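Protein chains: 2
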Amino acid sequence: MKTVINPAKDSWPGLLKRPTQSVEDIEATVMSIFRDVEKRQDDAILDYTQKFDGVRLKDLHLSDKEIETAINDVPEELKAAINHARINIERFHKAQLGSEVELETTEGVYCWQEKRPIEKVGLYIPGGTAPLFSTILMLAIPAQLAGCKEIVLCSPPNAQGKLASEIIYTAQLCGVSMIVKAGGIQAIAGLTFGTASIPKVYKIFGPGNQYVTVAKQLATKFGVAIDMPAGPSELLVVADRSANPSYVAADLLSQAEHGADSQVILVSLDLELLVQVEHEIQEQIKILPRKHLAKVSISNSKMIYLDSQTEALDFINAYAPEHLIIACADPGYFIEGIMNAGSVFVGHLTPESAGDYASGTNHTLPTNGYARNYSGVNCDSFLKTISFQKLTKEGLQNIGNTIELMAEAEGLFAHKNAVSLRLKDLNSDEN
Amino acid sequence: MKTVINPAKDSWPGLLKRPTQSVEDIEATVMSIFRDVEKRQDDAILDYTQKFDGVRLKDLHLSDKEIETAINDVPEELKAAINHARINIERFHKAQLGSEVELETTEGVYCWQEKRPIEKVGLYIPGGTAPLFSTILMLAIPAQLAGCKEIVLCSPPNAQGKLASEIIYTAQLCGVSMIVKAGGIQAIAGLTFGTASIPKVYKIFGPGNQYVTVAKQLATKFGVAIDMPAGPSELLVVADRSANPSYVAADLLSQAEHGADSQVILVSLDLELLVQVEHEIQEQIKILPRKHLAKVSISNSKMIYLDSQTEALDFINAYAPEHLIIACADPGYFIEGIMNAGSVFVGHLTPESAGDYASGTNHTLPTNGYARNYSGVNCDSFLKTISFQKLTKEGLQNIGNTIELMAEAEGLFAHKNAVSLRLKDLNSDEN
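So the protein lines, in turn, are chains A and B.
Under the working numbering, residues 1 to 431 are what the first sequence spells out, in order.
Under the working numbering, residues 1 to 431 are what the second sequence spells out, in order.
Read the hints as simulated data drawn from the structure, not as lab findings.
Treat the hints with caution; some may be incorrect.
Copies of the same chain are indistinguishable here, so a pair counts whether it falls within one copy or spans any two.
Capping the alpha-carbon separation at 30 angstroms, the derived lysine-lysine pairs in DSBU-like fashion look like this [said to hold, decoys possible]: (1) LYS94 x LYS115; (2) LYS9 x LYS115; (3) LYS302 x LYS2; (4) LYS200 x LYS9; (5) LYS51 x LYS302; (6) LYS149 x LYS115; (7) LYS115 x LYS302; (8) LYS9 x LYS149; (9) LYS424 x LYS79; (10) LYS149 x LYS79; (11) LYS291 x LYS302; (12) LYS39 x LYS221; (13) LYS79 x LYS393; (14) LYS17 x LYS221; (15) LYS51 x LYS200; (16) LYS221 x LYS79; (17) LYS393 x LYS286; (18) LYS286 x LYS2.
For clarity, every value in this text was computed on a predicted model and none was experimentally measured.
Please work from the sequences and hints to get the whole structure.
Structure, rendered in structure tokens:
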């Protein structure tokens, strides 16, 4: 890792920078696949699945047999673990379903807010090097709690035309209403336009490679909402002398193994810790099966010594990390002051993997600095807020004149008239 | 208005369609202005202001004198009205600031959620035919309640280089921290990149013409979030025999006067009402100062008779109106069943103008069917949710094995190791 000691503030922009990603050049490819799926529907999806996933499917759906086999395939021990995680995630997300907001703003003017589910949602679960069934928990559980009617999961089949058993099992467990064997751009296009096999949805969630990311961005041009802009995963650890170098190294590596483009940063308030962590990383990395990925991302990553908590907090807020571990004796200063972060892990016994799997918080989080302006996925991501208002006679009499004056000042006389007509009737009723 | 009696379901897609808007062709213009502002900063903004607003400004900011004059200029009666509206909007939005979510999901596993403000936000207020100062109330009040540190308002100057006094007064009243005399694409570009006169912001809110809309979309490619995709304003009134035709007509016209592209739809459960409303519209439109706009949008609009509440509700949910007025004797069925709408006005005495100005609800709402997947602006629009978790020894011991099993099944051994290392230490401590 690159080590930087007390960097001057004017060098921060360079340190805060994520590895740049150019997406412009794949937009044309993505658009052409969208157009093709819009036109040729399932035929196009089957063709692209053959091309990109290397398998000619007969059916994009799973047979009952496939589902049954998958459920039987998952070891009982893993099922129990998934269920344990499900319970925690369900508890924490259920607690987010707030109560209605209801108020009489002026006598006779009743205003309230209700949350209603987004009726149709699409969940994208990548295939690739590992079956990321944990993301199904993170997306399907809040979708189900929110009350979404159709929860459609898309995931690319392997060369045998199969999905991982863990994916099928977890989807069944969490109320997914349809599983589709399709991935990549073609899956996002299917969810955007709808086909015979894939329902058109209103919002698409979930991680993916750069093709999926660009496809999700393009989907927004066709009226579909998306959870958030996606980028490579990130972790920033802020640590002081109380930190255990071996834990810090393990946490940094757990992020680094995600992919060669993962970002890890250590902000240390202690100089010696830098050396110890570096040493621990070199030791621990040796035995990792995914060390080829971890090595690349570790070599791009930074260890930064800052000699004050204030500077450290400023740096963290300027970076806006997806994951923040506070490995400090007194984490209160950072908890209090953090403005921009996706998910925060407090103390020496709270590794990022706790939140990735089982603490109960969501692991679908804003990357690439988007923690400045986006929340991670939570129950609200699957709901819309609708406002309601009802005026009584007194209510209209109490705010009618205010509306008339403001409408007139904005030059909107029909707005004024809608009130004046009613007020006139009310006043003549009273005489 | 076009009248349709009991349309068959297969003809609904045509009835539900909004007037199509092509934006593709202005993207290149918008991009070139963005690039120019990024490069030439304030100079570019001053040049485009001269070109589009017809005035060469010396300074994009207001002088103290201008602010003072503006505040003195607004009549006391209007000030009182604006303050009355402010109080209601503040009350309703304050009630939205929910309490923290905090939970022990498993013994020793503490999870909580905190909302933190988006630190820098930009509010766009159009100039044009009328000074829409009411939108400042709708954006600045929740921004201030959320705790946003920088609230930057951009609005185009008139040919004399001035902003409307009502805009300046309302901005001062609602805690806007900077007012910038800039509009259109150049203002959005300024908020996106930051210049000497305009701070770079993290999220941009507010309505605008198609240039502003496309500019906001483009801003999202540079890391800025936006409130929602925008389109022309819409109103759907559902009415039964109990409705007052004159009120219904006034409500439809209040929407129609916004612009020639506004959409109004009447869904009536009573045949006679259609005729009566049509007649009232023809009478009331005569005296409107903006009748030239209202006439065009009324002529594009539809009156639809449906003979069952079920069909009517299905139609409304399929249309997903920005504004919905329920002018029915028993509104409960629609309140209960509405899934997709921005803001709902209940009963015969609740005109849309109440919510536009003073009931307390927000008037920045999803148009063009986006009520299916977006909320209107509310306090949450100015906040992000951050998750926190803290595990005690018991907590880690309780969920550690679950994390290990799941990480291993996903092939992420460093994730597992971050837990195993700690568990090993805890277990050896105990022996």
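Going down the list of hints, with the structure as the test:
no.	hint	in the structure
1	LYS94 x LYS115	both (14 angstroms within a copy, 17 angstroms between copies)
2	LYS9 x LYS115	between (44 angstroms within a copy, 28 angstroms between copies)
3	LYS302 x LYS2	within (5 angstroms within a copy, 65 angstroms between copies)
4	LYS200 x LYS9	between (48 angstroms within a copy, 18 angstroms between copies)
5	LYS51 x LYS302	neither (39 angstroms within a copy, 47 angstroms between copies)
6	LYS149 x LYS115	both (14 angstroms within a copy, 28 angstroms between copies)
7	LYS115 x LYS302	between (43 angstroms within a copy, 29 angstroms between copies)
8	LYS9 x LYS149	between (50 angstroms within a copy, 21 angstroms between copies)
9	LYS424 x LYS79	between (68 angstroms within a copy, 24 angstroms between copies)
10	LYS149 x LYS79	within (26 angstroms within a copy, 47 angstroms between copies)
11	LYS291 x LYS302	within (18 angstroms within a copy, 64 angstroms between copies)
12	LYS39 x LYS221	both (17 angstroms within a copy, 27 angstroms between copies)
13	LYS79 x LYS393	between (59 angstroms within a copy, 24 angstroms between copies)
14	LYS17 x LYS221	both (28 angstroms within a copy, 17 angstroms between copies)
15	LYS51 x LYS200	within (23 angstroms within a copy, 43 angstroms between copies)
16	LYS221 x LYS79	neither (39 angstroms within a copy, 41 angstroms between copies)
17	LYS393 x LYS286	between (76 angstroms within a copy, 28 angstroms between copies)
18	LYS286 x LYS2	within (19 angstroms within a copy, 74 angstroms between copies)
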